[in-house]
Amino acid sequence: MTVEDKEWVKELKVFIPEKQIMTGYADLVSYSFDGSFGEYMPEAIVQVKTKGEVVHVMKVANRFLVPVTPRGQGTCLSGGPLPVKGGIVLDMSQWPETIDIIPDDLIAIVSPSALAADINKAAEAHGLMYPPDPSSAHVGTIGGNLAENSGGPRGLKYGVTKDYVIGLEFVTPEGEVIKTGGRTIKNVTGYDLTKLIIGSEGTLGVITKATLKLVPKPKAVRTLMAVFDDVENAGRAISKTLTSGILPSKMEFMDQACCIAVENYQPSGLPTDAAAVLIIELDGHPAALAEEASDIEHIMKELGAKKIIVPQNEEEANRIWHARKQVSPATAQIKPTKVSEDATVPRSQIAPMIERLQQIKEKYQVELVVFGHIGDGNLHPNILCDKRNNEEMGRVEEAVAELFETAIDLGGTLSGEHGIGTMKAPFMERELGAAGLDMMKRIKESWDPNNIMNPNKIFPEKGQKLVLRNE
Amino acid sequence: MSDLQTLQKQLNYDKTFDCVQCGYCLPACPTYETMERETHSPRGRINLVKMVAEGKATLSDLEEPIEKCLGCMACTTVCPTNVEYGTILEGAKETIENNRVKTKRQKKIEDFLFGTFFPSSTWMNRLGKATWLYQATGLQKAAQTLKLTTIAPLHLDKFEKILPPQPSPGERKSRKRHVYPDQPPVAKAIFFTGCIMDSAFFHINEQTIELLRRSGVEVIIPEEQTCCGALHAHSGKVATSKELAMKNIEACERENVDYIVNNAGGCGARLVEYDHLFAEGSDWHTRALAFTEKVRDISEVLVEIDGLHFTKPVTKTVTYQPSCHMTNVQKVTTPPRRLMEKIPGLRVQGMTNPDFCCGSAGIYNIVNYEDSMVILDRKMEDVTETAPDAIVTTNPGCLLQMKLGIERERKQKRMKAVHLVELMMEAKPQPKR
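Going down the list, the protein sequences come from chains E and D.
Using numbering that gives the first Met the number 0, read the first sequence as starting at 0 and increasing by one per residue.
Using numbering that gives the first Met the number 0, read the second sequence as starting at 0 and increasing by one per residue.
Hints were generated in silico from the structure; no laboratory data involved.
No incorrect hints appear here.
The calculated lysine-lysine pairs, modelled on DSSO-like cross-linking and capped at a C-alpha distance of 30 angstroms, are:
(1) D:Lys14 with E:Lys334
(2) E:Lys464 with E:Lys334
(3) D:Lys330 with D:Lys246
(4) E:Lys334 with D:Lys55
(5) E:Lys178 with E:Lys120
(6) D:Lys67 with E:Lys48
(7) D:Lys55 with E:Lys386
(8) D:Lys14 with E:Lys386
(9) E:Lys161 with E:Lys58
(10) D:Lys431 with D:Lys187
(11) E:Lys120 with D:Lys330
(12) E:Lys9 with D:Lys55
(13) D:Lys175 with D:Lys427
(14) D:Lys8 with E:Lys386
(15) E:Lys194 with E:Lys440
(16) E:Lys324 with D:Lys330
(17) D:Lys431 with D:Lys293
Generate the whole structure from the sequences, applying the supplied hints.
Printed below as a string of structure tokens:
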């Protein structure tokens, strides 16, 4: 029996326009992947453009027990949109984008398909800002950001996606529409389901509308770069800065391997002989920024920075951020496959974490580079490897496993901003404990009794191990 | 080599690994925007090529997504890992083409079209006024028999209507092959005429030569030059495309010039990449490099030489529709804007999303007419917002497409599509020296 003949597909077609349902092989292949690992074939892709369509899909899927995996633009780095159990990929990306800014309430009401960058741009027109800035903000949908609780460099000062959501409209796995939160900043009415849904990786239902909090847009930004000979001093400089009454908007870190890769790829004026490069951005009132920048310069010097670069104009500042942006393409030149992690540790443990990462790199003989949002302890250890080399991928699996365990040992977490998906699921119990994980599972079961909503994410199957190899 | 290994080689399987599937190409891709599915996005296409190379999908799964790609290369400009999409696309087209089962008749038409027709200046000149019509008819037959489209009519009447009047065969014949400026030359250039430019827009080519001449450039128009090969490569005929490249390189080597100038964004994009056709270290590779170093768009040369001043104000509002191949392959973005800034009285109104392809894309608008019109209509929304008197282009395909767009919007009385060269001539350029 072809998919087209299946009863649930016929039922879908009762309400969903035919051209929004795809079952052709080339289409199925095209929705079998995301920005992370693995290919899983769905049986159908359904593009939804209204709340009513979502309700219909969920009711049909729940009746026929067909798995449903919501998907935005598929930029996810943890496998959220992968249809691990087949069934329906629910493509939310073609939903008409709506962004209503209500300046007097400092909020935005948006469709799930709105892009974070578009929301921020719309807010800026009113002197406001939507702070979360994942690097994919100009591509990924807000729905995906909400489901994964995305972060970004500005997390240090402004927090992550969940800190800006005050209300949701949501379709449950059984096809009921619920509203959570509202449009006030303060709201303690009942359980905070908004926060539960944010970061639930599409396992509890489908977000169809969001009310987001906005903040006043800072008047100016300033950038600084500091170069250190050892990571420990850089770590101390970060702590000292943060305890001196200054809260930068971004504090980015690049290790030596990153700097070398960038300079080999496209010379950008980064030092290749230093252990750590910090790029700091301040935002606020121009008068305050001038003083803060000079304070930071002193702190960095005092704690042993061997070089401090203070750009004199916007163009010079842009050059520094451009160099930071080159990390991704530059490291991709080392080897074709990138395993990008986001293990996060308490700030005091940054230097020990980086030290342990170096040990892992040597122990498993893997190409490991480290960069990331160091101000909030959110590192991005990236392992460059070749998916086609099974022996190497075996070593990478071991290295990644040890990396996760190290982060947990140091009091940190598996994921700072990418999400759990399938890859990190086997390590959940280690971080949360059996009872903690079981409580989450019970929540999942009560929301989604038939386990049709993005199954096999977050929770490991019995005996599940980290797998990066295809065979 | 096993069949799969051979296929992997043909499909540039290794290059597909450069794609990390981040999706940054999605917002840049016109067909993802209009066709609304990942299957018609750069990332989707690259993934499909990879799947075919791994034996997980077939060439027929790949056919439509590849055929519907405009080849505008906007994805390559935004790609953070520099995936060689052009190479992957051409490899896929060639593989599909080589594996297509063809009847004798189909082959005959194709041989004529791509082997004789496009490269032949004799044909182009002989056809004279009826060039486009013949060309179109030839294409119609080919497209139908090749099943490039789903047997849809080709709407060729729409294209005929927008063609400018053609010069008499006498005018074509009397073209000088060597042109000197009034003063001692400041540079020497070969002018690359291009097939479509020289047949449908002969007068723009004449104006281009005149602009060079007034700038103080000695211009040579070698008779031995032939088609750039872009349309062949886009149709999967890479071998022919390579032969054409060799002929052009040879033709240009005979003269010792500073520049090889063209005025068609698409041709220029092909010419600057001739070195990619030959193995590194080979004799032809070296010769190709010597060639590509001299290739310039007309706007680049005019800015570099800076030998003109415009004497007549053009009191118009124009909007500029950059050629995708000029932006994304030649990487020429500022010179046309610089030149327009120099025209007195001219108001250049930037449009939203200028880098969104107009849907012309070689012969895409003929073989994929419906899809192309959806893209064109989207483009015209952005154009109309600027309320221009004229849309300025730098490529014959774009020029025709914009003329068609104006027709579709029924704005012929208010709006014109012009080549940048025409606009400059309207401002009566004179030598500075």
